[in-house]
Amino acid sequence: MKTHHLWSFLVLIFLCPPAMAQEAPLSSASQACLACHTGLHPGIVHGWEQSRHSRVTPQQGQQVDGLASRVSARDIPEDLASVAVGCAECHTARADAHADSFAHNGFQVHSLVSPDDCALCHSTERKEYRQNIMSQARGNLMNNPVYMDLAQQIHGQPRFADGKLDFTLAQRTTEEESCFFCHGSRVQVQGTETRSTDMGPMDFPVLTGWPNQGVGRQNPDNSLGSCTACHSRHTFSLAEARKPSACKECHVGPDVPAYKVYTTSKHGNIAAAQSQNWDFQALPWTVGQDFTAPTCAACHISLTVSPNGSLIAQRTHRMNDRLPWRIFGLIYAHPHPREADTSIIRNRDDMPLPTDFANNPAREYLISKKTQAKRQETMQGICSQCHAQSWTDGHFQRLENTIQTSNQAVHTATQIMQTIWDQDLAQGLGDGHSPFDEHIEKTWSRIWLINANKIRFTSAMAGGGDYGVFAQGRYELSNNLAHMQDWLNQQTKKTD
Amino acid sequence: MKTHHLWSFLVLIFLCPPAMAQEAPLSSASQACLACHTGLHPGIVHGWEQSRHSRVTPQQGQQVDGLASRVSARDIPEDLASVAVGCAECHTARADAHADSFAHNGFQVHSLVSPDDCALCHSTERKEYRQNIMSQARGNLMNNPVYMDLAQQIHGQPRFADGKLDFTLAQRTTEEESCFFCHGSRVQVQGTETRSTDMGPMDFPVLTGWPNQGVGRQNPDNSLGSCTACHSRHTFSLAEARKPSACKECHVGPDVPAYKVYTTSKHGNIAAAQSQNWDFQALPWTVGQDFTAPTCAACHISLTVSPNGSLIAQRTHRMNDRLPWRIFGLIYAHPHPREADTSIIRNRDDMPLPTDFANNPAREYLISKKTQAKRQETMQGICSQCHAQSWTDGHFQRLENTIQTSNQAVHTATQIMQTIWDQDLAQGLGDGHSPFDEHIEKTWSRIWLINANKIRFTSAMAGGGDYGVFAQGRYELSNNLAHMQDWLNQQTKKTD
Amino acid sequence: MKTHHLWSFLVLIFLCPPAMAQEAPLSSASQACLACHTGLHPGIVHGWEQSRHSRVTPQQGQQVDGLASRVSARDIPEDLASVAVGCAECHTARADAHADSFAHNGFQVHSLVSPDDCALCHSTERKEYRQNIMSQARGNLMNNPVYMDLAQQIHGQPRFADGKLDFTLAQRTTEEESCFFCHGSRVQVQGTETRSTDMGPMDFPVLTGWPNQGVGRQNPDNSLGSCTACHSRHTFSLAEARKPSACKECHVGPDVPAYKVYTTSKHGNIAAAQSQNWDFQALPWTVGQDFTAPTCAACHISLTVSPNGSLIAQRTHRMNDRLPWRIFGLIYAHPHPREADTSIIRNRDDMPLPTDFANNPAREYLISKKTQAKRQETMQGICSQCHAQSWTDGHFQRLENTIQTSNQAVHTATQIMQTIWDQDLAQGLGDGHSPFDEHIEKTWSRIWLINANKIRFTSAMAGGGDYGVFAQGRYELSNNLAHMQDWLNQQTKKTD
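Chains as they are written, first to last, in our numbering: chain A, 6 to 501; chain B, 6 to 501; chain C, 6 to 501.
Chain A with its partners taken away, still in its complex shape (with noise of 0.2 Å):
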């Protein structure tokens, strides 16, 4: 064998990727694109440039049978079906649905794509995804006047006026840099305006809500929704959304620490010393021998499958299907929402709330007791992929434990607010006023929003110890509790 042949033989051993073999066109539209958009963004470019859109055909990915099948759709536009997905073939689709196409070089242009777009090849996954509490994310917050109130008191812009705090409503600005940043805007066309380009004078639409990537954004198109939260931009990566940092950008605050929770549990631990290695691209994903330990994607949403083959848990964009309980505490730990929409639940109050401020379930808006069999059943079939019997059934005792004692601990500090209310030492409910302004309610929605959130966190992950007790969990809600009775005990001394 002569050196040259060496060379061209590790050439193509390093630098091939097999991808290459096939044969991916790119649409004319898709050149036009490029010819500017390749030196304007190069980011943009090079992202897509790295991505399985800019090298597969939706019709050779529709090849793909079983498993590892990553296109969900059969009926693809020809058009769409027979070329690379290029910038076209996403800002171009549906324009007719797109209130914000506009006309851009003999195109019409739209800036977001929506999963109304990403459906005409992944149409299984947008399903399931509107499916999905995620994608209601904002209605759930918006038309549900109570999570409204407790959210003006948080980010309303506060006034101190006649030795009297308040706060008045957000600016629809500040709220999308708050709530709706995760929650979603609602994007939409505000007008149009002229820029002097490289190309002359060009116009564009004037968006408002945007940028935003929130799992619940309002789309021009009217979906719900942005695929871009976990899948980033234009690599659209498996890989990305498979790691646990995809889901740390809305997951990793004190009301919902999932990220924090995991990075200190075992299974966060084992990760953190040996992700380098692992396959976070194999489709399917098997057990073992792509990952050694489960990232969120792997317990939540992934197709798995065990060494052998055999499927372990079919992949699902609706993401509440292997949870029976829904943990953070509105006010109190319970059943999952039977629909994406929690806006029309209604508690025996007549509130918009899971359950009742004594843990009495709303049950006709709840799933039943056989679903939530269910749901843990698919969630342990991850489990014992690593975990004897006897470890998955303790694990999830304790979990039941944890989710009624915490729930006994919000009940409590609900007692001792009601005495508060009772004796008019603070407003609650009633009169217009608000039971989330006063200092000392603040105290107590924190010990359910915070610090029984954190503690369910911590069992539901097993990451439970140290953090779990003293970072915002048992340690501080016991530090509330105390709080309340010393600012009652104050209070009550001083009527004497």
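One thing to keep in mind: the hints can contain errors.
Which copy? The list can't say, so a pair holds if one copy fits it or any two copies do.
As the list claims (entries may be wrong) - In silico SDA-like cross-links for lysine to any residue, where the CA-CA straight-line distance does not exceed 25 Å:
no., residue 1, residue 2
1, K375, R177
2, K374, M384
3, K379, L308
4, K271, L243
Keep in mind the hints are simulated off the structure, nothing from the lab. This structure is a prediction, so every number in the text was calculated from the model and none was measured.
Position chains B and C relative to chain A; hints supplied.
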């Protein structure tokens, strides 16, 4: 050279780990285990396949001499020594000693592999660990009524009746989710259950206190500890235990924030930037060559050598061997306890605390100044690999200053607390009262349990600056002191 | 081709870094250093061996033209220019200027290498850094009596006497562990000590304020700063300084939570998922090609280019060159100060603060709107590599809104505080009182020092949402305001 020769050659280079040259036969018992469990628990089996245990027999391990030795036992039974360390070698070892042994397909199997099982090959590590304060972590909490009172005021079940809050004793299950998650549960056989399996109905023991991987776990063979706390599950990885993530599981919360402080220090910064290029598997572990900044293990546990092969520090599983001070305050920082069992300590007031409330140490139970000096010298020997003497001296002088001044600050807090107790504004020790249950007492305990600890950890690990000031350190300590003063002022005014 | 040829070939491919082709002779002085210190401090020597300094002479560096240039000085002394940058080249440079120089085996050695030493080759960086506000970090705190009062109320030594708490001046050693750890200590020679070494007794200077790597360190040659703050120790790594972990050491605490916000942002998410494949060494640094999401350095410091080679942003060590606003509140967000020395600022009330308590800016000391616009344009040029104009516009409009509304919220807090001062319920400025020492004042200062900062950082870095709301941001701001109101109510009732 023909192409197919090249292929074989490349395959040899890229795929063959050196150990494959060795023969490590699998016992017939372990073969029997794998026959079913490869399919049932692929994650477990894959972990083990990745481990050194699957590739090397104890006998082969014994042949490694000197600093690279991993097998410290000299008298390993022949049948164990001559085979790979498979399922049966651990899970059927010392069957008679295990209360959790059960008949399973002709074998006496136990789920929990204990430190005494591991000691069959790793006897020195077992011996050291038994003298490690961590092996007593369960008893040191359980048998100390002061600590258990503090624990109850945190994880006990709150109750509000007749206008008064109190915390009743926590359920066992709750304790196992909180303190004993890290300190270690007591694992006991409660009975037997029959499960239907693919092989028909089978009997399994029902365990309480399970799952758990706490460092002081009380095992069914009455041994204490859990090697898997740091060497996770079936990979038994040296590399994993050398990474800071291993310690994070128990040492990240605000009371013992070692991991957080590390990642904020210069050491942690260098590790974040460079550790993907370090060799975490090398034995011995060579400073500068295998790693360029210490991890937790490098300073506290690992056998480290100089590039010229000379010993820097001997490996120890008695992890306070290099620690002159115990810096988490109970309630003051103090010289390390002499014995692993700290529940035997009695201070001047006959309380089981290493100091009294005025910071007088219980000297006879704590190491001497001479031992402190010796331990500090060992630690400084590690520092000196990368730091000149004046650097190291300056660092340790600051640590001494921080121990002294943070103790003084806690003393100031205790003076305020004592004033409050003396004026009957809160009920301290005596008459069955808890000094940890009232709001103002919880502010006091936070000062030593959280704030002073954070200050000392940042000093000890050179992670100071912004983090040690503002992240629950000096800033919060001064705020909490000011709150105590304010509370006292208000109470005093009221009684005027 | 014979097998041994293949071997040589593979060895060449895998082991030879390109730089090995160059000749970089070691000076005889550095050879003398290494003779002993290779054995004494292997970690230091290994770090240096990994560095570019060990492989390339300044002269060779000067020959690199254009954007890949690392050596900005033109007039490097011949004896320095022609050898590798070894121990002696830095530690004996400018010996006469160094008060810490000492005679050591025939050389005049100094432990601290200062920015003025580095400037022998890196003159432009030194010049820029001198104008960087960070180089004045020590004096900007030390020479500002308002800040020093705030500092004392945090890290001063608490004392409780006659029922009253106060904070006495902190020890120098304590200050060096807290504020000056990041801001920079003053390193001084206090005397000389004789140590017994392997080479017999030797004299060394005794340094105070050492160790320290603060950004505004006052060095024994009277220069200000510490290059090792970001380019750690003896690898002097470009890659390390480009990673967010470098900034974390000083910018992670709740008062300046840049690192935490970054890791929660989409940028941080992409970095977490992909950065193991980025080239952190490339010079210039090409967007899309070398990295696909910005790190701290990419936006604030680095020289970045487009894949077509065109310049995006010039490197700067005057790190506010791209910053229109200073968003950490003192006590309000404000246009960046004109000068690096901020202790010269006087507001309308003649206080050394960039605004007064009512948010009137000290305009003549702050940059103009025009300069702000120019800096914002530079920053947006970086954004535009991956984002369309409407995205960038929307982002910066939100930032402006957040600056305005968070300033208003701080103003509301200040109105409550002023009411409390006016009613003599707390002692503010005047008569030697501190506005930062009482409990309620600390609640007020927390609002601008922690909460408003967190809100603005999340806005500036698009890391908003859950984290900016619940992690010490809007949620805590509203809680703290409610607490101020509650405290005021209670005090007022009491005096009724």
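Reference check for the pair K271 and L243, CA-CA at most 25 Å: within, between, both, or neither? both (24 Å within a copy, 16 Å between copies)
Status of M384 relative to K374 across identical chains (alpha carbons, at most 25 Å): within (15 Å within a copy, 54 Å between copies)
My question is about K379 and L308: at a cut-off of 25 Å on alpha-carbon distance, are they close within one copy, between copies, both, or neither? within (18 Å within a copy, 50 Å between copies)
How do K375 and R177 come out at 25 Å by Cα distance, when the copy is not named: within, between, both, or neither? For K375 and R177, neither the intra-copy (42 Å) nor the inter-copy (28 Å) Cα distance is at most 25 Å.
Hint compliance for this structure: hint 1 alone is broken.
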